[in-house]
Amino acid sequence: MHEPVSASLRAAQARLLSRRWFLQDCGVGMAGLALSSLLARDAAARSAPANPLAVRPPHFAPKAKRVIYMFMAGAPSHLELFDHKPELARRDGQLPPAELLKDYRAAFIKPNSALLGPKYAFAKHGQAGTEFSELIPQIASIADDLCVVRSMQTDAVNHAPAQILMNTGSQQFGRPSFGSWTLYGLGSESDNLPGYVVLTSAKGTSGGASNYGCGFLPTVYGGIPFRGTGDPVLYLSNPAGVDTRAQRASLDTLNELNALAQADLGDPETAARIQSYEMAYQLQTSAPELMDLSQEPAAVLEEYGIKDPGQASYARNCLLARRLAERGVRFVQLFHEAWDQHGDLTKAIKRNCEDTDRPSAALVRDLKRRGLLDDTLVIWGGEFGRTPMVQGGNDGRDHHNRSFTMWMAGGGLKRGHVHGATDELGFNVVRDPVHVHDLNATLLHLLGLEHTRLTYRFQGRDFRLTDVHGHVVKNLIA
Amino acid sequence: MSGFRSRFSPPSWLSLPLGLVAAPVLAVPEVDFTREVQPILAEHCFHCHGPDAQDRRGGLRLDDREAALKGGKSGVAALVPGKPAESELLARILSPHEDEVMPPPKEGKKVGPREQEVLRRWVEAGAPYAPHWAFVPPVKAAPPAAGANPVDAFVAARLRSHQIDFSPAADPAVLCRRLHLDLLGLPPSPADVAAFVLAVSAQGLSAATEDLARRLLADERFGERWARVWLDAARYADSNGYEKDLPREQWAWRDWVIRAFNRDLGYDRFLTEQIAGDLLPGATQEQIVATGFLRNGMVNEEGAIIPEQFRIEGMFDRLDCVGKATIGLSLQCAQCHTHKFDPITHDEYFGLYAFFNSTFEAQSWVYTPEQQQLIETLRRDLAAIDASTKAAVPDWAERLEQWSAELVRQRPAWTPFLAEELASTSGLNHPVQLADHSILTLGHPTTRGDIFVIGTPALDGVTGLRIEALTHGDLEFNGPGRSKYGTWALSELEVSVMPPGCDQWEKVALRGATADFAEPVRGLEEEWKANFDKERRRIIGGPELMIDGANDTAWRADRGPGRRNAESAAVVQFTEPQRHPAGTKLRVLLRMHHSGDDNGRHNTALGCARISLTRAPDPRVPPVDHAAMLALEVPAGARDARQHTALFRAWRAQEPAARKFHTEAEAAWKRYPAAPTSVLHLRERGGVHARETRLLDRGAWDRPKHAVQPHVPAALNPWPEDAPRDRLGFARWLTDRRAPLTARVAVNRVWQTLFSTGLVETPEDFGTRSSPPEHRELLDWLAVDFMDQCWSHKELLRRIVTSRTYQQDSSGTPALRERDPANRLLARGPRFRVDAEIVRDSALAIAGLLHHQVGGPSVFPPVPENVLAYNFVRPTYWQPPEDAQRYRRGLYLFRKRSMPDPMLSAFDAPNADFACARRVRSNTPLAALTGLNEPVFVEAAQALALRLWREGGGSDESRIDLAYRLCTARAARPAEQAVARRLLTEARGRLQRGELPAAEVAFPPRLKAADLPADATPAELAAWTLVARVMLNLDETLTKP
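Protein chains in written order, with our numbering: chain C, 1 to 478; chain F, 10001 to 11041.
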């Protein structure tokens, strides 16, 4: 037993690759994938499967198996929705206390701008008596299922870097997204749908495709957008005039020809390629089937607030998220880029809530009814909060990274729970701060992954979602 | 050092049958520090006991022998050479006590029994250290066998030690395809294959391959294929990234790379020009374009950003890119603290950073060669006119002197306006005041700019205000404006005062605006159109338009091509001299409402302005180019040539005796060409603009600490003695023959491109945590030889592709595949799916659609509406060509960072968020769907059907055969013929029965009926289209054999 570690690592690689060679059924191929990275994550304890998307056991017993992340891009105002600040109303029009502004930076405004009272009324809901604003009656109605964090904090004050930070744990572009890390850590349980599906409404996000990108992880871990119009998955439709039968015949021919080549050349990659074309064919059925809401009862559509099931909307995306969860998709992320209310706050945020309140709550209720909520982690929130100070006249708020609110539900979280608190103006966190990295560490924990052990070696360093930060917030966990 | 290399013993598992890997080795082999010990220490110990003094625990350092012998704060020696039992290191590793054992259990990095044994033997042997192999300059060892190709000699020696042999040579047709794909990135035509097969039988494999390689290396498509490899490492893209992700023009740099590969520019020169082209003596336009390399990173233009924060993010990214692309080290790890594993300190990181930090993020025009010639002629003509002027007005010097003395005499005294508050009303911009009191606005390209400055100057009879539009290196083409020409328009200038105790701004009435230059009054051009001005009311003209109270009229001073990036000045008078008590605030507001509104793409804001006040009566701007007035501020003896010329020409413009020459010169300027494109690059700062580098605490942009001078890491090669401490010196250091990494990394990149995996598997990391290469002697030999051959890529490639190693059959025996599945030993040829661009180019080439044209603007591929819709800022400019341009090579497709190209990304092309030294290869259903259904692939299938019909002879069999020859460089086998014919027959039947719409299947929308072969029916072409679609998706079509 006198081998150097690198040799033993490579011996393990060799064994793996050989086993795969015999297996023939390679699933989605992994040519060029840095196996050493997979092995290095937990060197001795776990062996890497041949299929990079194969289901992998978590580090410890998980509370949640899958994630639905409703990302409210543009950053919703915590002060109009979740964080009731009567004192802010009282001080409307006054300047903020000077001591609050030390070392403070908003994005657009001079920090020393007048305070702006909340635009909407709040009331207590549920047995826990959690306060929510009148704008979100439906979310309020499920108060006892929610775990509300009123003490979120982030580092960035501009949209793109802040979105990238929320989603990848870094303000620098090029890191893997939370969904990619999840897929890398746990694999995919869905045979005929991607393991990480992205649904977008409103418009494109500031962070763009990097919000759900795989960064330096192998491409198979990236989020796949299911699109609201046109082909749900890019190039899903056969070319004009080619029907399913012609497609089947073409693929049979292709597979047979590839199999002949494989018999001749003996490259296991060929088997992987055959498999990928078969999966494409399955996706041609499973994706439209997923998107087809015609079998959903009218009551369900009504509950989600879906007016036209054929029309792309946030509401439809929420129902699709439930359908994806039912089909074993590991990570579903909704992006709704609409919350950047520098001005016209009163009207615009109301409109946003009309679009999002009912479906968001319906999704939680629906998951609960179907017994899916217990092992699904539902997350709702944006990239930062909004300033207690006014921007532009008297109806807008600037970017604010000192405090904001997110809510979560399901998968091992406390229910009817409020975590953390801000000061009387909703400016600073005064109790139990939760940084983005803490949130991500906690979410991974609920998925059974230890955030310091879920690593990938790239350019000589073991990267993780939480960089060198993050603490699991035990208080959020039931 | 060399002692350790000679004692090297190969890992035993490779030569043993599987399953016996763990068998004990009988004779205790000696320990190789770099191969065996260092990886263990790096993995388990260096994080807390490595180079980083900041985070070092217990004062113990284990990456340095002296320090380890001394021990940490406890004073206990970690290592006692020859005495494992007395070495604390082993005691702690072996300790059964949770509070003693190292690494601490919570790290989860326990040292395994095998590693413990290595360490024990190592201490027993005296605990010798050796520098990391990759940080020691490579040595060209004599190849193990004389006569053979050195590549083969090294590989053969390793294979012999494993008791295996090379695979047989690949079939000539396979080799022909391999060479074409590797060197040109395109498949060979059947004629190419036939010719090569013939050549092999006539000349033999070796001579024929030499011949073919030579021809392919001389082909201009070679540069296109190999440029792409560098473009990945250089994170090339056609957009700026971040939220706005606006388009940029950077293809001139991409074309420079193509040309550099085609003319086989030595890699030392290749790097030097890209890192310091602008600093080379007499830098040419080409060399400035080359430095575009340093500007391929992202640019944030989101509203309200602080530009300096993202400039520094860009610096980090620049260093990451330079590090990964040239020395195989991402320097990122030392950005926040001293590197945990590799010997790069936090200070050294900022030492490298300092080489690049004192630079402008410049943009310059790129002229065609003809235009460059024209400009050269113009320059000569203008100089000749200057000379003629001087000849015709012999006392010109006195006249100029008198004239300028008068100007100086009349010049009012100007006091710069110091900003106490500087912002934009909208908050979209955060301008800054520089050392020369100018106000610089970068960041968001605001459509309606509204910069204001507040200060408390002495208002004791102030009569007027001067605004100067100044050039600045960070602006487009030097500015002064931020438009796509560096021009600007100032719509309105407002002045207000607020005496102490008041809380209202009181407007100051303005009059009598004068300027050194203004365009005639006219309507704003179409290119600045905006939705907020649908009636097109906006006009431009003289300086009076900025004090007329109307936002839709502006002062503009665009002097046209060649002279538009010049300074200008205007003076406005206060109707009443301003007298206010001390402490009165003065506010100057600049409104800029003359931009186009396409999300900042047609911005015309003034980027750099300086405001000054005067008490002189009736202040005015003399009708003299402001550049000349600025020259007058410099003492006569200190003026440079540019300033002398500015003064001379300004004098001539008003000198009656020289009128003729002035008119001539003005006429000459009218011939100045407008450049077709431009390039982003770096330009050195100097004078008042020089920027000092400070170490940033934890890498935070707003936490500067002590100053750092440019310097390089001590662990790498020494600084060349007489090299200047600038980017040029850095390039010399980087390409010094003693540089341990530069040539190795370059050679490894080439190897990786050919074999899919490099000799070092982690091209982005040659550091202590990288796994030692199987063929290190080969890597080192190639690296030194690369330098010996003037850093020639073509020579390196020729050497590799003419080797037996490269030419081996790639299938290998099952036993070999089982034993060495990743082909690390190189006992068989490479076989892998080609890169995304080659997937596309192959389909187009096979179909006969590929449009060959080297270089030029990037081309917009057709992209589904639901992809375009997902942009934060919709790319309104996305207009895919309908002509042959649609079928350009993948290299030329427009790369928009936030909208990764759907086709290319399905096949793993990186999206340029960061430097990519290695692509992964995946096999996904999305790639399959792309190959089957993406419009360009569908058009390729239709075109291939036509081609088979026209060129494939008269029978099904001959057409299928041609399809195979085109796609795979071989004939179809009988079994394949049968399978393909079955599809053909079934399709024909269904088409005849009308079950499939023939025209829809067969004809691309762009095809005209007249283009169809007379004898072809739509049904027949449709059947062939289905077959062609299968052929384009064959594993072999997508794979390098």
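Rather than coming from a laboratory, the hints here were simulated on the basis of the structure.
Where a beta carbon is used, it is the ideal one built from N, C-alpha and C, also for glycine.
Careful, some of the hints might be misleading.
What the hints assert, rightly or not - Only pairs whose alpha carbons sit at most 20 Å apart, straight line, appear in this in silico SDA-like list of lysine to any residue:
no., chain 1, residue 1, chain 2, residue 2
1, F, K10106, C, Q127
2, C, K414, C, S113
3, F, K10106, C, H469
4, C, K203, F, W10878
5, F, K10106, C, P58
Claimed, not checked - Output of the computed footprint for chain F on chain C, the stretches with three or more beta carbons under 8 Å from beta carbons of chain F:
no., stretch
6, 230-244
7, 363-377
Each hint tested on the structure:
| no. | hint | in the structure |
| --- | --- | --- |
| 1 | K10106/F <-> Q127/C | 40 Å, violated |
| 2 | K414/C <-> S113/C | 38 Å, violated |
| 3 | K10106/F <-> H469/C | 16 Å, holds |
| 4 | K203/C <-> W10878/F | 17 Å, holds |
| 5 | K10106/F <-> P58/C | 18 Å, holds |
| 6 | 230-244 | holds (count 13) |
| 7 | 363-377 | violated (count 0) |
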